[in-house]
Each structure stands twice: as structure tokens, then as C-alpha cells.
Amino acid sequence: MSFVSFSFVGVQLAALVVRALTRRSRVTFLVGLLALSWLFYAWNVPEYLLLIVFSTTVAFGAGRLLAATPFSERAARRGLLAASLTLNVGVLAYFKYAAFLSRSWISLAGGLGFWTPDVATADIVLPIGVSFYTFEAISYTVDVYRGRIQAERSFLRLACFIAFFPHLVAGPIVRGQEFLYQLERPRRIRMRVFAEGTYLVIRGLFLKMVVADNLGHIVDQHWRTAGAGKLSGTLAMTLLIFFACQLFCDFAGYTDIARGLAYQLGFRLPINFDAPYLAATFTEFWRRWHMTLSRWMRDYLYIPLGGNRRGPVRVGFNVVLVMLVAGLWHGASWTFVAWGAIHGIALLLERALGLARDARGMLTRAVWYVVVQMTWILSLGMFRAEDIRQGFLVIQNAITGLATLPSPVPAAIAIGWWFVLPVVALHARSLFTERRWLAATSGLERAAYAGAMSAAILTLYTTGREFIYFRF
Amino acid sequence: MRCKPLEILGVAVTFAAAFLVATDVLPRLPLGPKGSQRLLTIPNFKVPSSSFFAETTGDEISQMVLWHALGDSIAHARRADILFIGDSRMPMGLRKEDIVPAAGALGLRVFSLACGHVERVPFALKLIRKHDLRPKVVVVVGGPHMFRNMLSGPAERAVKLTRWRAWTQWIEADARWRLQSWLHAWLPKIDWFGRPLTSSWILYRSTRTGWLIPVVEPSARYPIGFDREDASYAPSLPVARELAEELERRGAALILSLVPYGNTRTGHLPFLARELGVPMVLPSFDGLATADGSHLARSSAESYAKAFWSQLLALPEVREKLSLDGPAPKADQDKTAG
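For the record, the sequence lines run as chains A and B.
According to our numbering, the residues represented by the first sequence are 49 to 520, in order.
According to our numbering, the residues represented by the second sequence are 7 to 344, in order.
No wet-lab data here; the hints were simulated from the structure.
Note that CB positions come from ideal geometry on N, CA and C, so glycine has one too.
Just to be clear, a hint being listed does not mean it is correct.
Said to hold, decoys possible - Listing some non-contacts, in silico: residues in chain A with all C-beta distances to chain B over 12 Å:
(1) Val-57
(2) Thr-105
(3) Arg-343
Claimed, not checked - Computed Cβ-Cβ distance ranges for the label pairs, DEER-style:
(4) A/Arg-437 <-> B/Arg-280: 37 to 47 Å
(5) A/Val-93 <-> B/Met-156: 23 to 33 Å
(6) B/Asp-30 <-> A/Arg-240: 47 to 57 Å
(7) B/Leu-35 <-> A/Val-173: 57 to 67 Å
(8) B/Ile-14 <-> A/Arg-477: 16 to 26 Å
(9) A/Trp-465 <-> B/Trp-188: 24 to 34 Å
(10) A/Arg-233 <-> B/Ile-14: 19 to 29 Å
Next comes chain A alone, as it looks inside the complex:
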């Protein structure tokens, strides 16, 4: 179920009614919340509800067993953790990567003349949100293993944590310590918090329905031409900039809606985007873009691999491996592997040049800012491409555009710049706030923005485009 649907409005209204009617009974509220969350998840393919129940059961069972096993029994605890991770990662691997792996094997082995299995994996439909809730289940189990949180005694609470519908299908990726305590005693909903939530929902809908979807319309229309190398360099670069803004607004819009809905129900979700197009280094970029995934990768993959502690070669290996996994997390395709590799190498280069540190000259900082943002925009050629070849062609085209004089952009494409303006405004406002040139937005300022954005939603909307991150 999409946030931009009438069915979803029904679910959120029902959740608010349940919240209002069960003020004195926490358990009843959680039962209602879980029922609505599972309904939300089962809306498209009811059978996949079994997957999320399985994932939750594995995490709950592993947590209880880990709680019953003393820290002194390290081997037993490790065994439990490994079993839990194998089951959860196994589900993810089968549904998300089986078709990719079999296709890749068939292509490779077939080319070399080896035997290839006759497997039918093409029809596997990716369960919506599986990457997100599997990571949440894994982080919960690892945190219990590490003793950072106590194993949850209530299956209901753990199921609510993993299935909580605002963050279920496209994040933010929430951790146990950020959310489970909120389920023990749901907060009273105050007008200010509810209004804040409503503002976030309006902003999210604006970013999605007005900015992302209109830009998406332009990008979709011309992408294949760009991918066939038939667009001028200027146009290819323009499309990539539009896609960068579309992707940001699509995903940041989703996160805003998710956080707003959670606020309205009395919960707090972590922020996921912090004006990423202000980032002056690659390291900073990943602290601002999809922050919950970056943190997850750092805490549950990079640090266990040794992090920064094992010499420059190992650090380099760790960085590239983590970015490759992050790429693959986005989708089972070589384009995402290439996209991850680009960012892994960029991070390595930045470290090698010593540019990740803050204290640098103004000019170096400005030049590196341009390099960082251009690399991101160009890398999206691979992120959006249907195959590696198309990705290379789009990137090659766009680089040509950077190296030559700008050519005229047809009015039907240039119109997209109007939709880039809100992205610029959003980042400018964040910059002014970060630099303390302006105070944080006041209630009245937000009301004015919300009024204008509501008008834009009702007059400039486009419908029919699914959230991009639903595919991941």
C-alpha cells in the first residue's frame, strides 16, 4: 500500500481512531496498531505477510534464546546469532537476489561453456520493504547479542516495532533502542506534536507528488534516448540533475510522510536526510543521505569488519566492501554494484587525499564540493540505468556535456528547472539554519509553507508513480 493512496488514508485514520479510543489500554492500542500494520503490508500480496511474521518470529526467538544464554557461553551465543542471521539474510537473499545470482551464473557459465542449471527464478516478486524490515530484524538481534538492548519479552511489541506501518516499506531503518521504549508507554498526543506531524506529511506529499513525480515524468520520457547516446551532453547532464532531485524528493518525501504519520500517532522516527546536497565531502554526504542506512552499514558491517583499526589496506577493503553491499542492498543488479563501487572508490580517494577532514582552505573545499556533488549526480546514471551499458552511455554523454559548451535545452525539458527550485530552497534554508544565519523555522513560517505546499499539491500534482524506494 502506498502512502499516496486512499486506502492508506483509511489505515491512518483507523490508527488515529484506535489511538484515541485506547488511551487507557496500551495492549489494545498495540494490537490495533499491529493489525493495521499487517493489513498495510498484506494489501498488495497477502501471502507475503507470512514473511514478515517469519522474520519477526526468528528475531523474537533468537532474542529470547540469547537472553537465556549467559555471556560466558560465547560459542552458543555466536551459534544463535549465526542461525538467526542466516534465516533472515536467507529470506532476503532468496527473494531479492536468487534471480540475479542465477541470471549472472547462467550468463557467466553459459559464456564459458559450463553447465547451467534450469531454474525458474524470474517470476519471484520482490516482497515490498523486505530490505528494510530484514535489516531491522538483524539489528535487533545483533544489539541483543551485544547486550546493547534487552531481549524483548513481548512478541507484540517486537512485531509492532518491525511492522510499524509508517516505516515498514521504505524506512527509515529504525533500531530497537530508538523505538522499542516508545512502545512501552506511548506518549500522549499533543496539539503541537500533531501539527508538526501534519506539517511533515504535507511537506512529504509536496516533495513526492509535485517535485519528484513531475521531474520523474520528464526523466522517464527522455531517459532511453539519453541511454542510447542520442541526447546532447547538456541534455544528459540536465536529466541527471533532474533525477538527482527526483530521487531526493521521492525518498526524503517518503521519510517526511513516515515521520509525520508517526508523530501523529505519538511516536518519533529518526531523520533520514539532512540536506545532502550541501555535503562538501563524500564522508559528509553519507552522513546526510539515507542516514539510517549509512549508520546501519557502519555499525553492523564496517565496524565488525575491523573499521578503521586494521591498517590502510584493510580499511580500504572495508570501505569498498561496505559500499558494494550498500549498492547491492538497493537492488539486485550489476548497475547497483557499479554504483556502490563508484562511491567506495570515491571514499577511498578522499581518504587518500586527506580531504575528508574539515579543516581545509576555502578554495579546496569549494572545488571538492563540486567534485563530490558531480560524482554523485553522474553516479546516478548507473543507479537509474536498466543495464551497465546504458549507465555508461548516460554518464559518458553527461561528461561530454560538462566538457563542451552548453547546447540549447528544449522547453519541454527545461521546464523541469522549476521543480528543482524547491530542492534548492530546502537546502538553502538548511544552510542558513546550520550557519545560524536564520533561526529554525517557526510555527507561523511552517504554517505559511504548509499552506503554499498544500495549494501546489492540489494543483500541480502528478499521480501514478510508485515511490522509488519501494523497489528496494
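Using the hints, position chain B against chain A.
Relative to chain A, chain B alone:
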């Protein structure tokens, strides 16, 4: 920290002011390619009783509703004495207001399985089998394309959906249309990309009779045209024969007919009627016009439907199946053939 009433009032007033200013300013901005911003609205219309929104610019919903028996349409189809099969030209040429009351006067129930997007006989045949429809008479109304062995895009998608998904998509599409038609009756939709909000037709579909009902339609008049008749109609035969055999098993009479359009071909009717041994009904096209080059204009439809109905009732096969007593009415035109 609690909100004070004055603070709440301030926020509400600011929100409303910003909303009003933006709704006033946005449509006036000279935006779009070369300032070509278009303001789209949905005209006011009256929703027909016992009907659902079927289509304006997107996919038609009818196929999904009929295939998955959503709502009570199929229940009414099961009770029908006469079933009509066709594409969108059928209900525009033989309009509900002309056919249904005339049938009702004889105590007959009629139901239309006709769907837009050039739906053809195979989908109707699938519907008849799936829902075990047992009418007494089936009238296929359409050109030779009706007998091509393929489904339309909406029908292809409908048969692949689960009933649950079909139902959710139906309520989503219906709610979206209700909101859009209410909203854009007073607040324009701004279009920069040449994407219309509605087509020149807005169609609802009666659940009681299955008829597509235009609540908004074009008012132009284009003459009826005729295409060359030198093509072979033999490729139409397998689907036509399959339908005839299925109807024979069900004890229904098959009648062939046509509603004229921009490039009408009629040669398939005598060919199929002869090959299958079934009657056909083909009123005169004199003085008819289409509203958009494809669908009969309302005024033309009225006279055409009247002639069609009297010719249909004059057929002995129809009178026998429907147990109509008394002498057959005099047919309006002379092209009724056995």
C-alpha cells in the same frame, strides 16, 4: 508545552492565507514551456444512478469489474434475457435510454458486456463461461475486428489480477476520480506537460444494465465513412464459430449487428451470418454522424437504435427465444437477413 488558543488561531490563519494566495497566484504564473500553462477543470455532471465511474483518460475499469464480478453487475448479467457484446461503439450507438426502456416495456431484461479499448468477442466469451451466463439472445455489435482472437490491454491486466487486487484497484480508482471531479470543479489543475485531466468522454457504467453511459461527450458531427470491403473475412470465422457453438450449448440465439463508425466495414456480417447460419440486423446508415469520428452522436444514435430494435424484434429466432407473442412488428429497414 501546550499550544495557546491565540497561537493555534495564528497558525490556522497563516495556513489559510498562504493557501488562498498560492491557489490564486500559481494559476496566473506564466510558467510552462513558453508560458503555455494550461488550467484544466472537470465540468459539472450528474452521476447516473446505480453506476460506477468507468473511464475518462486511463484504462477502463469495466473489464476488471466484470471479470472479477465486483459489485452486482454480474448478478444482473445473469438475469438478462438479451446480452449485448461489443466495444465502446455499441453503447454509444445503441444507447441505454433507447434500448433499456424499449426492452423493459416488453418485460425483457438486457445487459451489455461491451467494453471500451476495442474489446473483442474473446473477452465476452470468457465472461460468459466464467460466470456461466445463460441469456436467451446474444447480439454481437461491431466490425470485423471484434472477431480477432485477442484481449484488450485492460482485459489482459484484469484476468491476471487476483480478485482482492482488482477490488482494491477499483475502490482506489473510484475514490481518486470522486476527489478529482469534486476538487477540479472549483480549483483548476495546472498542466505543463500537455496531459489532459479528462478526455472528451467521461463514462460511467450502469451496474443494472452494464451500459456505458457518457456523462460528458463531444458535440461535433463527423460523417460516417466506409472502408474498402476487399479484405477476406475468413480470419474472423474461428472466434465467431467458437462463440456460436458456446451459445448453442447454452441454448441462446446469436445475432450479428453493427454500429457504424468513421471507416465502417459491413462485409463480415453477411459472410459470418451465412457461414454460421445466424441472422443479422443492419439498419440503414442514412443521415448518421459520429461525435468524434468513431462513436455515433447522440441524435444519430436515437434514430439508429430505434431502427435496430424494431429489426431485432422482427427476427423469428428472437421472437421464439424470447417467447414474444403476437405478430412481429414491421421492421423499419429492409436489411434484416436470415
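Taking the hints in turn, this is what the structure says about them:
1. Val-57: It is violated; A/Val-57 is separated from chain B by about 9 Å at its closest Cβ, not greater than 12 Å.
2. Thr-105: Non-interface label stands for A/Thr-105: nearest chain B Cβ at 25 Å, farther than 12 Å.
3. Arg-343: holds (29 Å)
4. A/Arg-437 <-> B/Arg-280: 37 to 47 Å: violated (57 Å)
5. A/Val-93 <-> B/Met-156: 23 to 33 Å: holds (28 Å)
6. B/Asp-30 <-> A/Arg-240: 47 to 57 Å: violated (30 Å)
7. B/Leu-35 <-> A/Val-173: 57 to 67 Å: Violated: the Cβ-Cβ distance is about 43 Å, outside 57 to 67 Å.
8. B/Ile-14 <-> A/Arg-477: 16 to 26 Å: Holds: the Cβ-Cβ distance is about 24 Å, inside 16 to 26 Å.
9. A/Trp-465 <-> B/Trp-188: 24 to 34 Å: holds (32 Å)
10. A/Arg-233 <-> B/Ile-14: 19 to 29 Å: holds (27 Å)
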